[in-house]
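Chains as they are written, first to last, in the numbering used here: chain S, 1 to 391; chain E, 1001 to 1218.
If you are wondering where the hints come from, they were derived from the structure by calculation, not from laboratory data. One should not assume that every hint holds.
Said to hold, decoys possible - Reference listing, derived: stretches of chain S covered by chain E, where coverage requires no fewer than 3 residues with Cβ under 8 Å from a Cβ of chain E:
hint	region
1	126 to 136
2	154 to 162
3	221 to 228
Said to hold, decoys possible - Lysine to any residue pairs mimicking SDA-like chemistry, simulated, CA-CA at most 25 Å apart:
hint	chain 1	residue 1	chain 2	residue 2
4	S	143	E	1145
5	S	143	E	1218
6	S	143	S	191
7	S	375	S	264
8	S	179	E	1212
9	S	143	E	1062
10	S	143	E	1198
11	S	375	S	348
12	S	154	E	1148
Glycine residues also receive a C-beta, built at the ideal position from the N, C-alpha and C atoms.
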Amino acid sequence: MIGAWLAEMDGPRLSGPPSRLRGTETDREMNQHVTAERADPVRIQPTGREVVRLVGLKRRFGATAALDGVSLTVRRGEILGIIGRSGAGKSTLIRCLNGLERPDSGAVFIEDREIGRLSERELQPLRRRIGMVFQHFNLLSAKTVEENVALPLKIEGRPRAERLARAAELLQLVGLSEKANAYPASLSGGQKQRVGIARALAARPALLLSDEATSALDPETTRSILALLKDINSRLGLTILLITHEMEVIRSIADRVAVIDAGRIVEEGAVWQVFANPKSEITRSLLGGIRPQLPPEIASQLIAGEGAETILRIDVAGEAARGALLSDLAVAAPGRFRLVHGGVDHVQGQPVGTLFLAVAGAEAAHLARVTTFLKDRGARVEVLGHVAGPV
Amino acid sequence: MSPVLFELLLRSIWETVLMTGASGLISLVFGLPLGLALVATDRGGIAESLWVNRSLGAVINGFRSVPFIILLVALIPVTRLIVGTSIGTWAAIVPLSIAATPYYARIAEVSLREVDHGLIEAARAMGGNRWTIIREVLVPEALPGIVAGFTVTLVTLVGASAMAGAIGAGGLGDLAIRYGYQRFETSVMVAVVVVLIVLVCGIQWIGDRLVARLDHRG
């Protein structure tokens, strides 16, 4: 044991093999943006477009399965959001990606390299290529902001001058240059997370893991941190995998979303598509807070039988939502209808609408004309019930 | 106070300072790594080894449970082996160090254990090895507690060194017992008590100042 310990002590100086974990898109992007990123001495073209591939990942803690067969890929340059309730297995999943957690079975490929069989020591150079941002920032209180940001480079064994130059560059990127010599205790939560992000970027990672990075922040700070992550993603082409329990985070910055529940991925897809057409109950429930729902005072008046008005729920997204849907409806199926709730939201630049219409009259033929027209226009229509009078 | 007694007082102060300082330094050099070993080998530690942890803990508890005056006598063969004699100030430094090391190890352990586990995880996520975690995270983050604990240990050593008179080590405690108490020299007793108060306050003041300077936890 002592021998292994001593051998490890020399770790930082035995710099690992030059990692292949550097982004092609990063390179291309960075040639356009004149930043000091160009100074990177080693440029190795990575293979494939997948940064991470998980195959049948399983991990149990006692009787509960934290991960129950998770298969997932993270594409180069994308922001993949993983959302789930507390205890769904999100944290275990993200920790498997840099080997902080070992799966019981299944495989984790980081840029086509299986990391499951690697020893702790073999994992260390790999981890230097994966940045991680934490919910509680995890900044070292005894080090200044600058020293915190430079720490990954110190671990890598880079010379002091290079470390400080890189730290200054990153602090400028996150807008905290003037705080370089401050201690983390004097910073606000948002500033601490900016330092956390700068630190995660120090070793020029190919992948950034964000473990509930905004969960401890107020809404305004959350927005600024998310904007920073998005900016880093587009400017540096950095692949980001984030876990969260807030749909708002997914909506703001993710390209794709995977919904995890009880250790399984229950739904996966482009964010706007999942928002427009959630397949699983858990996704609908997580979306509940930010998508329009029939107001409870109307829902409570719904009756199954005949009524003065019929309440319809119309979900429409993408191309279908761009047309003059309502005015066309009025022409195609003349009659009174009114919008009682809902609206059109834009997710990833795509319109995603949910409208609750009250259609006057209980005539079945009229209602059929309305629904047929809407369905022909690519909308999903659901008859929720009837109301006796105006609501 | 006669010039002779005054000279004795000066010599005693030096002996106490020497015993406290030397054994304090030795307990720091050996106690801190022991404290680190206790934290690292514990469940969930960076070098988990419960067998090592339990054995180390038992040895430390063993030494800590023996009254110092007994240790002083029991360690005479060890002292003779190391110093060459079992009498005098230098001879007292051996049992003082051996008593203070496990004491300080436990105090350092408490400070090291309080370091947020998230910080250790962050260092691991950055690709740091155990040595990095010790050097960059555990020790710097626990440093205010490590220094405060060392202050406590030094003050305890000032008290413990009074017993070292039993093996002819001299020191302020010895002076107070032999002259102040047994020979009814009240002036000596008062002088010793005043010097001890000043000494302890001085150590505590320096320790507190140092901690205040090192602590950036806000």
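Do at least three Cβ atoms from the region 126 to 136 of chain S come closer than 8 Å to Cβ atoms of chain E?
-> holds (count 7)
Assess, step by step, whether the Cα of residue 143 (chain S) is no farther than 25 Å from the Cα of residue 1145 (chain E), and give holds or violated.
-> 16 Å, holds
Does the structure keep residue 375 (chain S) and residue 264 (chain S) at a Cα separation of 25 Å or less?
-> With a Cα-Cα distance of about 33 Å, the restraint between residue 375 (chain S) and residue 264 (chain S) is violated, given a limit of 25 Å.
Holds or violated: the region 221 to 228 of chain S covered by chain E, criterion of 3 or more residues with Cβ-Cβ distance under 8 Å?
-> That given contact is violated, which follows from only 0 residues of the region 221 to 228 of chain S lying within Cβ reach (below 8 Å) of chain E.
Residue 143 (chain S) and residue 1198 (chain E): Cα distance at most 25 Å?
-> 34 Å, violated
Distance restraint between residue 143 (chain S) and residue 191 (chain S), which requires alpha-carbon spacing of 25 Å or less | 15 Å, holds
Hey, residue 375 (chain S) versus residue 348 (chain S), does the alpha-carbon distance stay inside 25 Å?
-> This hinted pair holds, its Cα atoms lying about 24 Å apart.
25 Å Cα cutoff - pair residue 154 (chain S), residue 1148 (chain E) = 28 Å, violated
Pair hint outcome, residue 143 (chain S) versus residue 1062 (chain E) [Cα-Cα no greater than 25 Å] = 38 Å, violated
Taking only the CA atoms, is the gap from residue 143 (chain S) to residue 1218 (chain E) under or equal to 25 Å?
-> 12 Å, holds
Whether chain E covers the region 154 to 162 of chain S (at least 3 residues having a Cβ closer than 8 Å to its Cβ atoms) | That given contact holds, which follows from 3 residues of the region 154 to 162 of chain S lying within Cβ reach (below 8 Å) of chain E.
Has the given pair, residue 179 (chain S) with residue 1212 (chain E), been kept, meaning a C-alpha gap of at most 25 Å?
-> Distance of about 21 Å is within 25 Å: holds.
Hint check: violations occur at hints 3, 7, 9, 10 and 12; the rest are consistent with the structure.
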